[in-house]
Amino acid sequence: MQLAVWTYEGPPHVGAMRVATAMEGVHYLLHSPQGDTYADLLFTMIERRGKRPPVTYTTFQARDLGKDTSQLFQDAATDIVERFQPDAMLVGASCTAELIQDDPAGLTEKMGLPVPVIPLELPSYQRKEHWGAAETFYQIVRTLADKNRTTAPIDSRRPLANILGPTALGFRHRDDVIEIEKLLGQLGVDVNVIAPLGATAADIARLGEADFNIVLYPETGDLAADYLKRQFGQPAVRTVPIGVGATQDFVREVAELAGVDPEPLLADGLSHMPWWSRSIDSNYLTGKRVFIFGDGTHAVAAARVASEELGFKIVGLGCYNREYAREVRKAAKQYDVEPLITDDHLAVEKAITEAQPELVLGTQMERHIAKRLGIGCAVVSAPVHVQDFPARYSPHMGFEGANVLFDEWVHPLVMGLEEHLLTMFRDDFEFNDHSGPSHLGPGHNAPAENAAQPANDTEAVWSEDAEKELKKIPFFVRGKARRNTETFAAERGVATIELETLYEAKAHYAR
Amino acid sequence: MNAPLPLAKEPGGDCAPVLKERGQREVFCGLTGIIWLHRKMQDAFFLVVGSRTCAHLMQSAAGVMIFAEPRFATAIMEERDLAGLADANDELDRIVEQLLARRPDIKTLFLVGSCPSEVIKLDLAKAAQRLGGKHAPQVRVLNYSGSGIETTFTQGEDACLASLVPEMPALPEDAPANLLIVGSLPDIVEDQFLRLFDQLGIANVGSLPERAVSQLPGIGNNTRYLLAQPFLGDTAQALEGRGAQRIEALFPFGVEGTTDWLQAAAEAFGIDSAHVASILSPFQERARKAIAHQRERLEGRSIFFMPDSQLEVPLARFLANELGMVLTEVGTPYLHHNHLARELAAMPAGVQLSEGQDVDKQLDRVRETKPDLTVCGLGLANPLETEGLPTKWAIELVFSPIHGFDQAGDLAELFARPLRRRDVLRV
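The listed protein sequences derive, respectively, from chains A and B.
Residue 359 in the working numbering is what sits at position 359 of the first sequence, and the numbering runs on without skipping anything.
Residue 385 in the working numbering is what sits at position 385 of the second sequence, and the numbering runs on without skipping anything.
Everything labelled a hint here was simulated from the structure, so no lab data went into it.
The structure displayed is predicted, hence computed values, not measured ones.
Glycine residues also receive a C-beta, built at the ideal position from the N, C-alpha and C atoms.
A portion of the hints provided could be inaccurate.
[As the list claims (entries may be wrong)] In silico EDC-like cross-links for lysine to aspartate or glutamate, where the CA-CA straight-line distance does not exceed 20 angstroms: (1) B:Lys20 <-> A:Asp75; (2) A:Lys51 <-> B:Asp187; (3) B:Lys20 <-> A:Asp79; (4) B:Lys361 <-> B:Glu21.
[Claimed, not checked] In silico negatives: residues of chain B with every beta carbon more than 12 angstroms from chain A: (5) Val189; (6) Gln215; (7) Val351.
Isolated chain A (complex conformation):
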């Protein structure tokens, strides 16, 4: 058993729902008790979808358990065919139904339904949402992709690519896909199929006609791409185009597979971000301490942008999905931080508190943590919240995505000159660090003094002067200054921390 207050990922059948809901004409029959229907609201409320997810829950009750829950399941399957007339049907069990072992696959096979049925084995007590989505998408592709439909000769047409991985309830998937499709068009590459988002069973059937695949979201698209490579020999582009550098790499990789020249497109300089970052007023961004946590792919991508394109210093990097821990470990080594691989948000909270970042790039969970600690935060990864589905166009991928990243990550910070003024005039009655960044309005106040402070468990006592001086240090580095000074004092056996001790420690730790 695992004690959980909040979770980063839902159960695997929610991942399957994300795939089914993204597609057209696919219905999911989920053997489950009534409470599991809550999952509908993820799509209709958080994502504001105007249609119910195409999911029928059998909603068996305790009184059914002694009798025939498998009959309920079969009746529901018949009703689905009649009412929804789907092109394909997914069948599976949620956590409770897994325990009663009704065997959805066998039950539907016996019925000989007039539509393709794709059984899903999603072990609820071992796996989670992303894996569930990837496995579901893979099973759909394996069942529905027509093995006889392969590429046409290249000389008569433009190169063709599939875009794999975008789902319902995905973080910025709606806009990322538009941005990448546009970019491919500029390169002279046509899109064969985008899947699962918006795809029909007929679209899946013709996946084999593309020259190569683009895996935009490895967490959900990797398994299917591996299969397509085996089955059709399609190579896959796996660079995730988040940030200017990664998008350039992505363009080159696509161009190579497509046999086109990327340089004219790259020479156009399609993003404002490099100049925004180089312009003099971005100087204050240099070395801003940033903590990054999310799904493996988005976390690693964010780290590159933060480090190479905004000049931040990475003080923490981690992911909640173990399946992508290897990539995160590799990146963490590169940025010289300890990788944090955990799905325990309390461990993440502890790590953030200790690292004392000035900015957190994370998920909804980290947004709450950062809010409590009074630190600026931008969301870069699922799990999502209603705010992560903005009305406006705001991709995170491609060149426009890089512009969006600049805005979203820089705005929560205390701005350049404001930061200096806060340091210079600390006792101004209305303009001090407790009133928070002026452009964010009320409600963004700095945290209480001790919120992000390690407990003072050393022997050294602060003199009144030193304590007063410490308070003149901006709140976002004050905790670190206190900790460094106390460590410095302890190492030297200093009983009372004087003004001099504070500055000696400052010089000692200066880099």
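Dock chain B against the given chain A, drawing on the hints supplied.
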């Protein structure tokens, strides 16, 4: 002294026959009740023993992540817990140790059963006994089931409160009569009622639940109780098992319901009816004034209730009788004929009631009747809005203060708002 008022009609007599449906349901399970119960009982902690789905439900159902660290959590069962039951019990003990070490402020710990824990027959009653013995007297450990195979939405509160009844101190045979308000109410509403009972002259009034579980009210043969919520069948039974007697009344929604509820209590305590009338009159006047603001917008409009919280019948009675709304169908997950007898009698004649659900068929009826307003769950609202059918989130009725005289106007406003919004918007 507690003679029931003569009923105008047989219970449900003039309603169309109740449509009983048994199909796919689109409702929450009883775990969802924890979202308000953990705010109400400030010294209690709720530990769901369940799956990742349970944990995901708790954080998704009501957008509750605004709370820093809630007083609930889930012990998520994993593959190895399912291998053998002894193992699962050891694991549960370990999790509880971990939790109590982290939250030494916990006085009452509820172990809450879920669908998977019920299916594998994990005996939480026994676990509660074992853990209670181990952590007494600092922590009391209770258990109930919020599983979706046994409970629907608000039935989770029923199960929780029923588990508290055996813990209530016994009052002696000769104890003076006391009154219990049963069902969790927002603090502000509870305080209003306590003030009103005081003005009426009823002295010993307690609530189940109290804000502190450690201070449960006493119970005995001289205890009378008033249900503040219509979904408390098991709790009522448990209270009666300990000698308490129910005061039959309408539920306290709107002027009619609140008046009847308070009058019934006053009558049970032998209070002079003229005195009652004089106390209630200014409150009734104020509430009527507040309701009148919304009547214009709601009168003659039709409303359809999808089953959700069991509040549907009393709310429909309020909307029909005091706001002139037309009831097209009043769906409820469970129709408690006994507790709702007076409500059903007070409903307009010929109302179509439905119990249980077959969600696709019910949605067909919504589309067919095109009500001016459909009260439904969160999962169904936006899809109906997209089809041009205005909706009201049923869960808002559970989370908002809607009981009593001073909330009657707010309650009416909750239904008027979606219609007002549609009138305002030009996009």
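Consistency of the hints with the structure:
For the suggested pair Lys20 (chain B) and Asp75 (chain A), the alpha carbons sit about 18 angstroms apart, so the restraint of at most 20 angstroms is met. Note on Lys51 (chain A) and Asp187 (chain B): the hinted pairing is violated, with a Cα-Cα distance of about 37 angstroms set against a maximum of 20 angstroms. Note on Lys20 (chain B) and Asp79 (chain A): the hinted pairing holds, with a Cα-Cα distance of about 19 angstroms set against a maximum of 20 angstroms. Taking the CA atoms of Lys361 (chain B) and Glu21 (chain B), the gap is near 9 angstroms; set against the 20 angstroms cutoff, the hint holds.
The claim that Val189 (chain B) is not at the interface with chain A holds, since no C-beta of that chain comes within 12 angstroms of its own (minimum 27 angstroms). Chain A leaves Gln215 (chain B) outside its interface by the beta-carbon criterion, the shortest separation being 27 angstroms against a cut-off of 12 angstroms. At roughly 25 angstroms, the least C-beta separation between Val351 (chain B) and chain A is larger than 12 angstroms, which holds for a residue marked as non-interface.
The structure fails hint 2 only (numbered hints given earlier).
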